[in-house]
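Enquirer: So you can see what is in the structure, the chains are spelled out below.
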Amino acid sequence: MIKQLSGNEAVAYALKQLNPDVMGAFPITPSTEIPEYFAQYVADGQVNTEFVTVESEHSSMSVCIAAQAAGARTVCATSSCGLALMYELLYVAASCRLPITLVCVNRALSGPININNDHSDSMGARDSGWIQIYAENNQEAYDNVIMAMPIGETPWVRLPVMTCMDGFITSHAVENMQLLDSDVVKRFVGEYKPENYLLKKENPLAVGPYDISAYYMEHKVLQAEAMKAAKARILEVAAEFERISGRSYGLLEEYRMEDAELALVLIGSTAGTAKAAVDRLREKGVKAGLVKIRVFRPFPGQELAKALAGTRAVAVMDKSEGFSANGGPLFSETCSALYDCKERPYLINIVYGLGGRDVTTGDIEKLFGRLANIAETGDIGSVYTHMGQRSREEIA
Amino acid sequence: MINAQDINEKTPWQDLTPGGEIYEAGTARAFNTGVWRTNTPVFHAQACKHCMLCVPFCPDSAIPVKDGKRLDFNYMHCKGCGICENVCPFPAITMVTGGVPHD
Chain E
1 MIKQLSGNEA VAYALKQLNP DVMGAFPITP STEIPEYFAQ YVADGQVNTE FVTVESEHSS
61 MSVCIAAQAA GARTVCATSS CGLALMYELL YVAASCRLPI TLVCVNRALS GPININNDHS
121 DSMGARDSGW IQIYAENNQE AYDNVIMAMP IGETPWVRLP VMTCMDGFIT SHAVENMQLL
181 DSDVVKRFVG EYKPENYLLK KENPLAVGPY DISAYYMEHK VLQAEAMKAA KARILEVAAE
241 FERISGRSYG LLEEYRMEDA ELALVLIGST AGTAKAAVDR LREKGVKAGL VKIRVFRPFP
301 GQELAKALAG TRAVAVMDKS EGFSANGGPL FSETCSALYD CKERPYLINI VYGLGGRDVT
361 TGDIEKLFGR LANIAETGDI GSVYTHMGQR SREEIA
Chain C
1 MINAQDINEK TPWQDLTPGG EIYEAGTARA FNTGVWRTNT PVFHAQACKH CMLCVPFCPD
61 SAIPVKDGKR LDFNYMHCKG CGICENVCPF PAITMVTGGV PHD
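So the protein sequences, as listed, match chains E and C. Each residue of the first sequence is one higher than the one before, counting from 1 in the numbering used here. Each residue of the second sequence is one higher than the one before, counting from 1 in the numbering used here.
Only chain E is shown next, with the shape it has when bound in the complex (with noise of 0.2 Å):
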């Protein structure tokens, strides 16, 4: 079924379609229209959702921890400051092993405030346990959603799944996009039948128990062991995924890497603005590629290393700034994922896109040029670099 919707509409109607048992709702732009448009659902009958509208998103993070714990499917959307007021709860979900979903519509953190796109609240939370699957616009959102469950309930994953879209960018704008029939929805994720539950009277249970020192790192190992194994689930699901409805996933997307010499690394909607810009490109003869990091947690650094193995010039470009002052959490990954490689591409670091910086087709197609210069001469000048902002200085 074809229709027309935003991100945040896409998402609500899958939400609809997973059926969850319960939702932490509690608003926050851009994300406010995904419980909103499900509020509508539960007031209907179309779903047998518990709606629990908290007074805070550290409450709507904390609702999704006890009912998992207790048994229940559970969903939520954040954005921006609302994340990061789950931020101990975060790990609390992770640390107890509770799969729940959570949709993160990304915006800047604050401050100075600002209510528009970039990747710092999810970026903040990437080491909190929690897995991270990145949307490049409405259909993946929506994927994304339903592959979820799938991969975070399974019992040797067992993890938190933050699905993650841009905001307004992606949450607002509207597209043609491609629905699943509920009935074939229902089928794929199944029940939530976790082995141990709070609410299994034969068994009872103690959920997140105070760890002393002689056993938290056991735990700790166990939680690294979980998201590594989750990589396989991720792909197997994927596969499970494109037999329902065509459409095919993997950890990463390589855009017209076969021969590519001069390459991009990023995460999410630029990277359509980015294939538009390669596209170009190749029709002036430049061997431009692009590589989406779509699961970023766990981070496909084998595959990344695969991807850029021809390469001779990449530019990894990340829309949060880590404030390292050594480069944007994306650059240190792909750098990490490169060092085993004989052969290394030439690799800077772009800082873009903050707090809603628009980005064009202009600008990716000024950065190719930038990156055949460094194959060219070698010369790589500053590794790390912000685009985007008005400067005195020529940027390049």
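In case anyone wonders, no lab produced these hints; they're calculated from the structure. One or more hints might be untrue.
Straight-line C-alpha distance at most 27 Å; calculated DSS-like pairs for lysine-lysine [what the hints assert, rightly or not]:
#1 201(E) with 231(E)
#2 10(C) with 228(E)
#3 220(E) with 79(C)
#4 366(E) with 231(E)
#5 79(C) with 66(C)
#6 193(E) with 220(E)
Just some of the chain C residues that point at chain E, by a computed CB distance under 7 Å [as the list claims (entries may be wrong)]:
#7 9
#8 13
#9 25
#10 51
#11 55
#12 56
Label-pair restraints from in silico Cβ distances [what the hints assert, rightly or not]:
#13 183(E) with 59(C): 51 to 57 Å
#14 187(E) with 2(C): 30 to 36 Å
#15 94(C) with 220(E): 44 to 50 Å
Heads up, the beta-carbon is just placed ideally off N, CA and C, and yes, glycines get one too.
Please build the complex by placing chain C on the supplied structure of chain E, with the hints as guidance.
Expert: Only chain C this time, still in chain E's reference frame:
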């Protein structure tokens, strides 16, 4: 599924439960928290009128009762908070410094 009594500080990570879940109830009973005590209540049986005021005031389970009689302290979970001494109307409970009861 592993039971709490089979988990100890030598258990390898592969045998521990995800999230440290405990698949049974009441396991705190077996955990000696009396070792946290820095002050200790001492019971003087000859001064006790068995009024039972101390029993509900004890925040833990340190005062056993049998056949309407208050028995000597069970120090397994006593934290030495001194509330029992405070509420006792008789000279039947005194606090001493340190983790062990002595006169």
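Enquirer: Does each hint fit the structure? Answer for all of them.
Expert: Verification of the supplied hints:
Of the pairs offered as hints, the one joining residue 201(E) and residue 231(E) is violated, with about 34 Å between alpha carbons and a cut-off of 27 Å exceeded. About 25 Å separates the Cα atoms of residue 10(C) and residue 228(E), which keeps this hinted pair within 27 Å; it holds. Our distance criterion of 27 Å between C-alpha atoms is broken by residue 220(E) and residue 79(C), whose separation comes to about 31 Å. The suggested pairing of residue 366(E) with residue 231(E) is violated, with an alpha-carbon distance near 35 Å, which exceeds 27 Å.
The hinted pair formed by residue 79(C) and residue 66(C) meets the criterion: a straight-line CA distance of about 22 Å does not exceed 27 Å. Simply put, residue 193(E) and residue 220(E) have alpha-carbon atoms about 24 Å apart, close enough for the 27 Å limit, and the pair holds. The closest approach between the C-beta of residue 9(C) and any C-beta of chain E is roughly 4 Å, which is under the 7 Å cut-off, so the hint is satisfied. Against a cut-off of 7 Å between C-beta atoms, the interface hint on residue 13(C) holds, since the closest Cβ of chain E lies about 4 Å away.
For residue 25(C), the interface hint holds, since its Cβ comes within 7 Å of a Cβ in chain E; the closest pair sits about 4 Å apart. The closest approach between the C-beta of residue 51(C) and any C-beta of chain E is roughly 36 Å, which is over the 7 Å cut-off, so the hint fails. Hint status for residue 55(C): violated, given a least beta-carbon distance of 27 Å to chain E, over 7 Å. Interface hint status for residue 56(C): violated, as the beta-carbon distance to the closest one in chain E is roughly 26 Å, over 7 Å.
Separation of residue 183(E) from residue 59(C) is about 55 Å and conforms to the stated range, judged on CB atoms against 51 to 57 Å. Restraint check, residue 187(E) to residue 2(C): a C-beta distance of roughly 34 Å satisfies the suggested window 30 to 36 Å. Here the CB-CB span from residue 94(C) to residue 220(E) is close to 46 Å, well matched to the stated 44 to 50 Å.
Violated hints for the displayed structure, listed by number in ascending order: 1, 3, 4, 10, 11 and 12.
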